[in-house]
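*Asks:* So the chains spell out like this:
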Amino acid sequence: MKNTFRGGVHPAGHKDLSRESRLRLFDPKGEMVFPLSMHIGKPAKPVVKKNDEVKVGQLLAEADGFVSAPIHSSCSGKVKAIEKRRVLGGGMAECIVIDNDGLFTPAEDYSQRTEPSTLSNSDIIERVQKAGIVGLGGAGFPTAVKLQPKNPDAIEYVIANGAECEPYLTCNDQLMRIHSNEIAEGLELVLRLFPNAEGVICIEDNKPEAIEAMSIAVSDKPKISVRAMITKYPQGGERSLIQAVAGVDFPTSKLPADVGCVVQNVGTLYAIQRAVLYGEPLFSQCFTITGEAVTEPGNYMVRVGTSYAELLEAAGGVKEGLEIRKALSGGPMMGIAIGSLDIPIQKQNNGLTLLATDPVEEAETVMTSCLRCGRCTTVCPMGLTPQLMADAAIAGDLERYEKKLYGMDCIQCGSCSFACPAKRPLTPTFKQAKAEILEKRKREGGAQK
Amino acid sequence: MNTTLNLSAAPHARDKWTTPFIMRMVTLSLLPATIVGILVYGWNAFGIVALAIVAAVASEWLFCKVCKKPSTIWDGSAVVTGLLLALSLGPQTPLYIPVIGSVFAIVVCKGCFGGLGKNFINPALAARCFLLISFANAMAIKPLVDAVATATPVGAMKAGEAVDITRMFLGTADGVIGSSILALLAGGLLLWSMDIIHGQICFSVLIGFTVFLGLFGGKGFDPAYLLAHLCGGGVVMGAFFMATDYVTSPVSRLGQFIYGCLIGILGGLFRLKGNTADSFSYAIIIGNVCSPLIDTYIVQKPFAYRKMIGKTRKTRKEPFRIPRPVIALTLIAAIAGVALSGVYSMTKDTIEEQKLLAEAASYKEVCPEAETFEISDTAKAKLEELSGANWGTDFGATRINEAFVGKDASGNLAGYALSVSSKGFGGDVTMALGLTPDGKVSKIAFTELNETAGLGMRADEDAFKDQFPGKSGSVSLVKGDAGEDQISAITGATVTSTAVTNALNAGLDFYETVLKGGN
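Those sequence lines, one after another, are chains A and B.
Take 1 as the starting number for the first sequence in the working numbering and just add one per residue.
Take 1 as the starting number for the second sequence in the working numbering and just add one per residue.
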């Protein structure tokens with residue numbers, strides 16, 4: 001069995017910049033900003049008012065509905081305001097702003113361990129929900145929802161995603177090396193919810209230390225195995241992992257649970273273990289600050305709400321003589337370019353990559369017409385035909401894009417744009433086309449009502 | 001904080017492959033063939049290559065200038081077009097030919113359709129076909145050794161003669177500049193191993209061609225026969241460098257496979273039934289124009305829609321399925337085969353009838369003194385004894401079909417009329433040969449002539465036929481001016497000229513040994 005998926009690309013890893021940097025906790029000094037929407041679903045509802053005193057781990061906003069997640073404070077201090085602030089993505093969003101007193105007084109004692117045997121399945125789900133855990137791989141989907149599929153007995157695989165295929169990022173690597181036992185325990189807790197499932201921890205083979213640490217951690221757990229995956233982007237994509245492990249392909253209209261799989265990022269599993277056994281809500285996560293333009297690239301446990309700029313200062317700032325050309329929240333393949341570093345780190349963020357040169361800008365100078373070379377088709381992990389999709393999208397033929405070319409099944413992994421020798425901006429084109437089609441569906445759905 | 005942060009949509013990384021890189025790799029992979037070509041064929045070949053490339057780049061530059069578009073010569077595609085065109089020309093081609101071809105390729109085939117990535121046929125191939133049709137004489141491949149009239153390997157194969165595969169393999173046989181199979185294969189396999197060209201195209205072209213020739217070539221899967229055909233006539237160059245052109249080939253894997261098979265089968269069909277050695281170019285051009293159609297109907301389905309979904313490896317059973325390409329290839333081969341044999345059997349009788357009528361009329365034409373034609377017993381016995389075998393050993397694949405003694409109105413000997421067939425370029429060359437009572441040629445007329453238009457077909461012109469009256473005994477074929485007992489060959493159609501000469505000599509020999517004296 002090949003431990004990989006079809007297609008994919010091999011971007012330069014650049015992981016040596018930060019891979020040996022140990023995870024350390026970073027305590028910021030400035031004000032902390034908590035956007036009310038750090039997850040997929042409805043934004044949380046604030047439960048604190050201006051001038052309220054809050055402590056670390058205290059509930060700031062509660063979940064509003066089933067697909068939503070509560071938000072907890074990551075510092076102690078006073079609520080300064082609940083107002084619109086600039087957030088990731090460039091827009092303004094409602095945020096709770098806390099004046100950090102720098103003491104980080106905890107609201108509760110998070111070192112008391114509850115024995116797993118005393119917990120029922122519903123206890124586990126309840127604790128995960130209350131802790132505000134969302135998918136830390138990047139999407140930010142509320143984890144409690146993911147843990148309650150329609151038919152838990154039909155789940156065959158629980159996949160722990162430690163692939164970390166995104167170039168530059170190394171925080172999951174460090175997390176697996178240091179907290180291997182916690183991750184394994186977190187996976188065991190999740191497996192309790194799915195009686196017929198086996199646990200598979202997938203790690204790309206460029207992280208031998210993490211593979212070894214995890215293998216030792218699961219050696220006494222018969223239902224869990226560790227699998228070394230071929231290093232290839234997007235190995236850490238949910239669908240790529242399911243394809244490699246379970247051998248199933250499924251359209252984007254279906255969820256992993258529909259084909260008997262649940263995928264959890266290793267960071268999420270760590271958070272689950274902390275939440276279920278120690279009652280600690282999610283207010284910090286592992287994070288990599290890296291890139292050629294950073295003086296001391298490194299891995300941190302950052303507190304949610306810390307500003308990117310403050311973390312950059314902690315990492316020694318911008319390297320002498322260099323200027324940042326591009327700042328990315330996340331890595332270069334799926335990261336979001338940010339215009340200003342004065343925005344808060346959210347739950348689902350896991351990296352800041354600062355580049356002194358912008359590969360996109362450089363590529364634009366050698367852009368040519370599409371050669372129809374078919375590299376995009378070769379690398380597409382979904383088996384789509386990006387060159388025809390781009391033709392259809394540019395021609396405005398959304399009908400063909402959607403029906404004939406299955407354009408809605410694009411997962412926007414960026415492999416096609418990366419591989420294109422003509423440097424065509426394929427992925428952004430698809431993102432736009434998909435948004436337009438969704439918009440159209442919404443309009444038509446509204447008209448029918 | 002600085003304010004010059006660039007914003008753009010993901011992904012923010014790009015592979016090092018660029019369009020110029022791909023073009024450079026294609027150029028590089030054509031270099032071995034170019035070098036061998038220049039070493040074997042000398043300075044004229046070098047001139048052709050250089051002029052074709054320079055003309056291609058210059059016309060691209062000029063076209064962009066005239067159209068007020070940013071110059072695209074740096075992408076390297078013009079160099080590839082020029083080089084491909086040059087390699088598909090004969091080494092003795094006059095130097096203005098590559099220039100005209102390159103300009104046509106870049107301006108008409110590429111520029112006018114919107115430049116790189118927009119042309120609907122391969123520019124280099126289209127230019128080659130344009131040149132073949134417009135400058136048939138100048139484009140003819142002339143042999144290296146000028147003294148003896150030889151034929152290019154494909155010509156020889158079509159005439160049913162043996163060819164030297166080793167020479168074709170190395171590229172020292174007569175042919176185009178880029179005819180070294182070894183060098184082309186080295187380049188093509190390099191591109192394939194780097195994933196620059198698609199294996200499903202080049203190999204399905206070769207397989208389609210081989211299977212078709214094996215099934216319908218009449219020699220079965222004889223390795224020597226198939227190899228000779230594969231090595232000649234630009235099949236390798238076409239499969240690896242022309243058919244794989246990104247722009248003019250389909251996108252989906254299955255589409256590419258069908259496209260490749262189509263080219264291979266058409267190439268084989270044209271090779272067997274066509275009357276030109278350049279048939280492979282036309283096969284690829286037809287493939288090119290079919291590829292948008294293939295792309296419209298065959299769209300690759302995403303993985304998720306291809307097979308049973310919703311079951312994991314643990315819980316599903318994999319049903320056995322015949323791979324779709326196998327089904328497609330079998331179907332195509334079967335359809336082509338049925339169509340071919342159908343057309344043949346439907347038209348066979350009519351063709352034979354027409355032939356007989358034409359022959360009867362032509363005897364009268366070549367032996368005008370005679371009123372009636374009789375067949376003598378000795379001739380009849382001799383022909384029955386031969387029963388379709390070649391006549392003699394000195395005349396190649398030449399057969400005596402019929403032989404008559406002509407009598408005038410009063411029953412006196414008025415001459416002889418023979419029907420003689422010899423292998424030409426496009427199949428049999430059959431001619432009626434009229435002899436005077438004393439064994440001199442009175443006239444010849446063709447009853448079957450399927451040679452290349454503008455080249456071999458010129459055998460039917462008076463300028464060629466008028467050389468024959470008065471000849472007797474044995475004649476030889478020369479290039480240029482003919483002396484006594486010599487026939488001047490048609491430029492660029494040595495196979496046809498040789499066939500006619502062989503037929504004539506066989507007819508004269510048959511007269512000497514059988515007919516002489518009114519038998």
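Any given hint might turn out to be false.
Unchecked claim - To give an idea of the chain B side of the interface with chain A (calculated C-beta under 8 Å), a few residues:
1. Pro11
2. Asp15
3. Val251
4. Ser252
Stated by the list, open to error - Below, simulated BS3-like cross-link-like pairs (lysine-lysine); rule was C-alpha separation at most 27 Å, straight line:
5. A:Lys254 to B:Lys301
6. B:Lys16 to A:Lys431
7. A:Lys49 to A:Lys29
In short, the hints are calculated from the structure, not lab data.
We put the beta carbon where it would ideally sit given N, CA and C, even for glycine.
*Asks:* Grab the minimum C-beta distance from Asp15 (chain B) to chain A and call the hint holds if it beats 8 Å, violated otherwise.
*Replies:* holds (5 Å)
*Asks:* May I ask you to test the interface hint for Val251 (chain B) with respect to chain A, counting a Cβ-Cβ separation under 8 Å as satisfied?
*Replies:* Result: holds, 6 Å to nearest chain A Cβ.
*Asks:* Is Lys16 (chain B) within 27 Å of Lys431 (chain A), Cα to Cα?
*Replies:* Holds: Lys16 (chain B) and Lys431 (chain A) sit about 24 Å apart, inside 27 Å.
*Asks:* If you take the shortest Cβ to Cβ gap from Pro11 (chain B) to chain A, is it below 8 Å?
*Replies:* holds (3 Å)
*Asks:* Are the Cα atoms of Lys254 (chain A) and Lys301 (chain B) separated by 27 Å or less?
*Replies:* holds (17 Å)
*Asks:* For Lys49 (chain A) and Lys29 (chain A), compute the direct alpha-carbon distance and say whether it is at most 27 Å.
*Replies:* holds (22 Å)
*Asks:* Report holds or violated for the interface hint on Ser252 (chain B), using the least CB-CB distance to chain A and a cut-off of 8 Å.
*Replies:* Nearest chain A Cβ about 7 Å off; hint holds.
Hint check: no violations occur; every hint is consistent with the structure.
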